[in-house]
Amino acid sequence: MLNNKNIYKPIRAKLTDVIDESSLIKTFVLVPEEEFSFKTGQFIELSVDGIGEAPFTPSSSPLVTEKLEVTVMKTGYVTEYMHALKPGVNMGIRGPFGRGYPVEKFYDKEVLILGGGCGFAPIRSLLYNLKAISDKLRKVTLCYGSKTPEDCIYKPYISELRQTPKFEVFRSVDNADGNWNERVGVVTILLDDVKVDIKNSIAVVCGPPVMMKFGTKKLLEMGYPEHDIYLSMEKNMSCGLGKCGHCMMGEFFVCKDGPVFTYNEIKDQPDIWN
Amino acid sequence: MQYKSINKEEWDKTLEQLLLSYTIFASVSNAFGQDYELIGPADIAKISYNKPKPATSLKSFFLPVKENVTSERVDEKPRIILGIPNCDIEGLCLLDEIYLDKEFNDIFYRKRREDTLLISSDCIGIQEHCHCLSYNIKPYSAKNADLAVINLDGTIVLRIITGKGEDFIKNIPAAKSLEDKTIISAIEKEQLATEKLLATSNKGLPDYKLTGKLVTEAKEEIWEKYSARCVSCGACTTICPTCTCFLLIDKPGFEKIKQMDACQYPGFERVAGGKDALHELSNRFRNRYMCKYLWKPKKFKSLACTGCGRCIEACIGKINKNELFMELAE
Chain A
0 MLNNKNIYKP IRAKLTDVID ESSLIKTFVL VPEEEFSFKT GQFIELSVDG IGEAPFTPSS
60 SPLVTEKLEV TVMKTGYVTE YMHALKPGVN MGIRGPFGRG YPVEKFYDKE VLILGGGCGF
120 APIRSLLYNL KAISDKLRKV TLCYGSKTPE DCIYKPYISE LRQTPKFEVF RSVDNADGNW
180 NERVGVVTIL LDDVKVDIKN SIAVVCGPPV MMKFGTKKLL EMGYPEHDIY LSMEKNMSCG
240 LGKCGHCMMG EFFVCKDGPV FTYNEIKDQP DIWN
Chain B
0 MQYKSINKEE WDKTLEQLLL SYTIFASVSN AFGQDYELIG PADIAKISYN KPKPATSLKS
60 FFLPVKENVT SERVDEKPRI ILGIPNCDIE GLCLLDEIYL DKEFNDIFYR KRREDTLLIS
120 SDCIGIQEHC HCLSYNIKPY SAKNADLAVI NLDGTIVLRI ITGKGEDFIK NIPAAKSLED
180 KTIISAIEKE QLATEKLLAT SNKGLPDYKL TGKLVTEAKE EIWEKYSARC VSCGACTTIC
240 PTCTCFLLID KPGFEKIKQM DACQYPGFER VAGGKDALHE LSNRFRNRYM CKYLWKPKKF
300 KSLACTGCGR CIEACIGKIN KNELFMELAE
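Same order as they appear, the protein sequences are chains A and B. Taking numbering that gives the first Met the number 0, the leading residue of the first sequence gets 0, the next gets one more, and so forth. Taking numbering that gives the first Met the number 0, the leading residue of the second sequence gets 0, the next gets one more, and so forth.
Derived from the structure by calculation, the hints contain no laboratory data. Glycine included, every Cβ here is placed at the ideal spot set by N, Cα and C. Keep in mind that a hint or two might mislead.
To be verified - Restricting the straight-line Cα-Cα distance to at most 30 Å, the calculated cross-link-like pairs of lysine-lysine (DSSO-like) are:
1) A:216 with B:142
2) A:146 with B:298
3) B:218 with B:142
4) B:297 with A:266
As the list claims (entries may be wrong) - Stretch-level coverage of chain A by chain B, calculated; a stretch enters the list once three of its residues show a Cβ under 8 Å from a Cβ in chain B:
5) 4 to 13
6) 18 to 32
7) 45 to 53
8) 230 to 244
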């Protein structure tokens, strides 16, 4: 039986706070007017009234339902308008859409997470989720890279994570300044520092396409099987419903079949890193 | 199969009566060959029967070029669409799979589907680029339309295909059950004659089982050669009965306008920051073939090309997809 919900109509959400994460990245704290929940790794279409909407994976915990946080890098038309918004306005939300991270498959495993730039946003949501089930996990290792120390986001959260049992954090920047005492270089160099039991581990990669490409390559070289590498894919997800066709990646609608895929699911599709 | 017959004069009177409670669109001959037109009482006599395909594909009745999808659904008079070729009926099956998906159904599409009676028309004769049979689609409907019509020398014969068609016929007392075997065999003879024309015309054209393999194995040069005359106008996708891609445009008040879009337009896959997997015209051109003959068949039960040939007719660069497939099959 088909339901009568209008799939195109957004619900309203009040913007209650805007947090500066870096010069280009802000986190928007939203309180939806209607009941709203998501699974970690799923995405939403967030709209600025009359301007446009764009897909984002919430960066907050999926276990918190009274509000949600969306971390946005200023990189195009809609995000430029978002960055100019002040608390108090209403935004539109559609979703949640797609297939998120299958956290139940991570039980009894080490989770190695490779993130870059604003790709930390979905990862933070995943980390919140993993912390809540950490008794079921062996270890969680975060390798995070950004361009400069100034571009490192969620600094207070990183400190908190470093104090959390079973969690460890490695960071790198492409270009360091005098105050940086962690690694310098592309994020994949951090994989040389981590100790993982690959047989009992899965890897998660989220970041800019070029980082995903070389991150995946390195993980394969390390010996990760293709089906144990989880990628959060980015395409032009517009409707979120598997209809508009903009996010087709070969036979997959990234919005509906993804955005989280294992590498073996999509490796033969065209243009996966574009 | 249940048949009903009614003489043409009675049928025209019936249509006039039906205009009181239905909006009727039907295929009418015009300067461009023939196309669907809104029928008023004076137009009933102009309706053409059994000529192959109207210029416009059926999808335009269900997917308007532009519509506000955040407004309330409007209750309109139910519709009858008369004279639909089977290639369009089969094309609608893919649209149903996409828009009547169990998880996310489009209530606007659904309302139009529910409120429309589909009367298919058997094709007698073919047009230059018709090639439905190559894709295993017959030039007459046996499923998916509600009714099918054929005009045999002034006798209108209707085949009942669905329950919706059957309920509709119950309210037309002038339509009598047809038991005359000679008329039924005359219909079958016409159907077979058209199939034979198609078989001759489409000789050597790869079938739908082969097209996916052919596009997968096609070399880059073939896409460059055929796309050299493409100007990204999107006529092929606009006219196609199964191309359904769209764009959502925001308007104040969180309203959304759904507008038909096409992978042939530049920027279709462009994301914020500028990356665009389909930036090159030859990639966009190839994308449409990969979508129709490889990706959609993996994802959906219904065909994503029904062999109507409209894309060939509509192309201002005279790109002929059948020539492309013949070359691939060499």
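Quick rundown of the hints versus the structure:
1. For the given pair, residue 216 (chain A) sits about 50 Å from residue 142 (chain B) by alpha-carbon distance, which is inconsistent with the 30 Å threshold.
2. Simply put, residue 146 (chain A) and residue 298 (chain B) have alpha-carbon atoms about 39 Å apart, too far for the 30 Å limit, and the pair is violated.
3. With a C-alpha separation of about 38 Å, the suggested pair residue 218 (chain B) and residue 142 (chain B) falls outside the 30 Å cut-off, and the hint is violated.
4. A C-alpha spacing of about 16 Å is found between residue 297 (chain B) and residue 266 (chain A), which places the hinted pair at or below 30 Å, so the restraint holds.
5. Three residues within the 8 Å Cβ limit are the bar, and the stretch 4 to 13 of chain A against chain B gives 7, so the coverage statement holds.
6. With a threshold of 8 Å between beta carbons, the proposed coverage of the stretch 18 to 32 of chain A by chain B is violated, since 0 of its residues qualify and at least three are required.
7. Under a criterion of three residues with beta carbons nearer than 8 Å to beta carbons of chain B, the stated coverage of the stretch 45 to 53 of chain A is upheld, 8 such residues being counted.
8. A stretch counts as covered by a chain when three or more of its residues have a beta carbon under 8 Å from one of that chain; for the stretch 230 to 244 of chain A and chain B the count is 10, and the coverage holds.
Going through the hint list in order, the structure does not satisfy hints 1, 2, 3, 6.
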